[in-house]
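Q: Sequence:
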Amino acid sequence: MDQPAATELHSRRHAALALIYVTVVLDMLAFGIIIPVLPHLVQQLAGGGTSNAAWWVGVFGTVFAAVQFAFSPVQGALSDRFGRRPVILISNAGLALNFVLLALAPTLWLLFAARVLLGMTAASFSTANAYIADITPKEKRAAAYGILGSAFGLGFIIGPGVGSFLGSMHLRLPFWVAAALAACNFLYGLFVLPESLPKERRTPRFELHSAHPLGSLALLRRYPLVLGLALVMFLVYLAHYVLQTTFVLYADYRYHWGIAIVGPVLMLVGACDGLVQAVLTRRLAPRLGERRLMLVGMVCGIAAFLVMGLADQGAVFLLGIPLMALWGLSGPPIQSLMTHQVDPGEQGRLQGAITSLSSFAGIFGPFLFAQVFSLSISPASPIHLPGLAFVLSAVLLAAGTVIALRVTRHAHDLARPDEPVDATLPAELSSIVPIPTTPPTESPEQSP
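Per my numbering, the sequence shown starts with residue 2, numbered consecutively.
Honestly, the hints are just simulated from the structure, not real lab data. Each hint should be verified, as a subset may be incorrect.
Stated by the list, open to error - Cβ-Cβ distance ranges computed for the label pairs, FRET-style:
| hint | residue 1 | residue 2 | range |
| --- | --- | --- | --- |
| 1 | 372 | 117 | 17 to 27 Å |
| 2 | 181 | 313 | 42 to 52 Å |
| 3 | 170 | 203 | 25 to 35 Å |
Cβ atoms here follow ideal geometry from the backbone N, Cα and C, with glycine treated the same way.
Full structure from sequences and hints, please.
A: This is how it looks when you write it as structure tokens:
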């Protein structure tokens, strides 16, 4: 490929990546906005009792994860058959409806129904990941997934602050704003976002056995390296739930941090994570290679959770935040290594399986860490260690690191900087940047 054609190809891929990035940012903003107000809405509908409200919040979290676990493979298989764009559009429309239901819900049961719908539509993130696999060459996928990961961080940096501001005006106002964002995202996808999977690369038919969690996970068994890395990713997802489940209670119990302190700390977590995903991942991936980058991230995660779990003072706990952000270096290379192993027509099902692993961890993670935290602060506990749940997360990551070392010890990155890259893109993507009307002429020096 000559230099002008390579430059234009790079521009088309970059433009397509920017489009899907905007889609994910809007989604995560909508999710982030409701984070600080949803528990208060649950408490209001539950009659004001904190204990009763906490029980319902736990139920909602488990139900959301279970439904997402069931529907992620369905969306993945549908996107492999019909393309990524229709699935993303339907998901965004469902998200808008979900937030409207949350804004109007007069009872906990309607709120419950809205959370079920949210679990069904939130599975669209697997389709966004498959979109990245469609438009990005193998050797650049880790960096692309890192950029996409920064969209999640951006949503969780801005969203909670906006939600707190809006919620102070009216408890349900953030849900209306989230619905408006989801509706804008639907219109953006309808008029701007191109299709990434050409018809010739789609699966010939929709197969039911691949559209349920076990069918999607069966795909992992066909690829030993993918199966091993999937187990690593499951442990990573499981370990992450310690922060979502216990942080607020743990910080209040051990460091006496109130809401005024916890909020900025969570924003700091999101800011550090976004910085790592947007800047460090794409710079370190080509230098270290995906395997070493994965291992560096895992070791940082182990160190982060040990610091957080053993810190006697809040200032020491804060030192674990940048380490935890560096843990984020492990996710993109794990995911990228997995995509190298499967066929283009199976990328959607792979991403659906990955999202199902996250949801499966979400079913067990909150209960596991809540029970460990409760036991660790109980007067009857033989070991009084309030940070025991964080130490458990470090142990889970250590197990994941050992597995990653074993399953990748004979593996090499399948895409190298000097590997030929597919120069073709779907016709819909080609419209973003003009395609040369005549094929390029390559000299021996320009040939890959």
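Q: Which of the stated hints cannot be reconciled with the structure, identified by number in ascending sequence?
A: Violated: hint 3 alone.
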